[in-house]
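Peer 1: From first to last, the protein sequence lines stand for chains A and B.
Take the first sequence: its position 210, counting from 1, is numbered 235 in our numbering, and each next residue is one higher.
Take the second sequence: its position 19, counting from 1, is numbered 26 in our numbering, and each next residue is one higher.
Note that these hints are calculated values from the structure, not bench results.
One should not assume that every hint holds.
[To be verified] Quick list of in silico lysine-lysine cross-link-like pairs, DSS-like style, CA-CA up to 30 Å:
(1) A/K262 / B/K36
(2) A/K109 / B/K70
(3) A/K138 / A/K43
(4) B/K30 / A/K109
(5) B/K82 / A/K214
(6) B/K59 / A/K109
(7) A/K109 / B/K15
(8) A/K214 / B/K36
(9) A/K109 / B/K36
(10) B/K70 / A/K221
(11) B/K15 / A/K214
(12) A/K214 / B/K59
(13) B/K82 / A/K109
(14) A/K221 / B/K36
(15) A/K221 / A/K262
(16) A/K214 / B/K30
(17) B/K70 / B/K82
(18) B/K70 / A/K214
(19) A/K235 / A/K177
(20) B/K59 / B/K15
[As the list claims (entries may be wrong)] Okay, the calculated bits of chain A under chain B, using three or more residues with CB under 8 Å as the criterion:
(21) 103-114
(22) 202-211
All C-beta atoms in this analysis are idealised placements derived from N, C-alpha and C, irrespective of residue type, glycine included.
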Amino acid sequence: MTGASSGIGRGTAIECAKMGATVVLSGRNEARLQETLSSMEGEGHVVLCGDLNSEETRKEIVEKMPALNGVVHCAGISQIQMAKFMDLSSLEGIFQTNVFSPLMLNTLLLKKKKIQKNSSIIFISSISGVYRSQIGEGGYGATKAALAGYVKSLALELSAQGTRVNTIHPGVVETPLLEVSNGTFGEEKLDALRQKYPLKRFGKPEDIAKCAVYLLSDASSWMTGSNILIDGGFILK
Amino acid sequence: MTLDEFVKAFAAEFDETPEDQFKADTEFKTLEEWGSLTALSIISMVDENMDKTITGADIRASKTIEDLYNLANSK
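Here chain A stands alone, though its shape is the one from the complex (with noise of 0.2 Å):
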């Protein structure tokens, strides 16, 4: 589990411990994952802090890495620019974080053959940059819709050991990512936008930690590169 150590990351954590999983978590804050960890049942659950942007640290925290079952991609930050004022080393940074820093993992999961047969993996997405977008989403956007073009060819390399792989796709959900949009355009806009939503409320994480338990689990085992929407209805509208 990337981004352990807050929000969705988090969140499904304790879920997937509540379901029997044991664990691994990653994430930069060293208190914050033991946050996590302390809200989590079950025992065996290991503590790897380290920044994943750093190859170097990738590396590491493979090497002591179990033998996997399931990932579950959460890491990632976001951002509000609009196309007209981007600057490079933001989109940089925000596609390193969100893109290269997780398919990289994946990558050195995959080689160092850290993931088991049947596993499932999965990325956490976003409705932004797939089904809908908003001013200054544009990069967040890409970066997220960059996440569910990779999983379509993903699925398909590893297929042959019955590893699926999906994607999640959220709409708003109530996490300290939250924080960047309500900053630049304040609680006034969170709420109108709260009332656009058909079951009138945003995402807690723990529902998109249940449909990540859904996906981690053999009761999806027939689900493979599929984006699955979970946004409280948001797009109908």
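Fit chain B to the known structure of chain A by using the hints.
Peer 2: Then chain B, alone, in the frame of chain A:
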């Protein structure tokens, strides 16, 4: 950035409104072209020119272009 320069840069973010409509005391939120797109453009313009981050709340708190200029400077 001087107030004059700020007013000019502010005006440049608007495509439909003539430049002479923009003065230090212009109540920018009453302009017809004002909306979420121009708001985000102004936030970006301030970031690019003044290296300061203003928010939606800052925009709501400002009445005139000069108000916003002063608020941005105070950050």
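Peer 1: Checked against the structure, which of the hints given earlier come out wrong?
Peer 2: none
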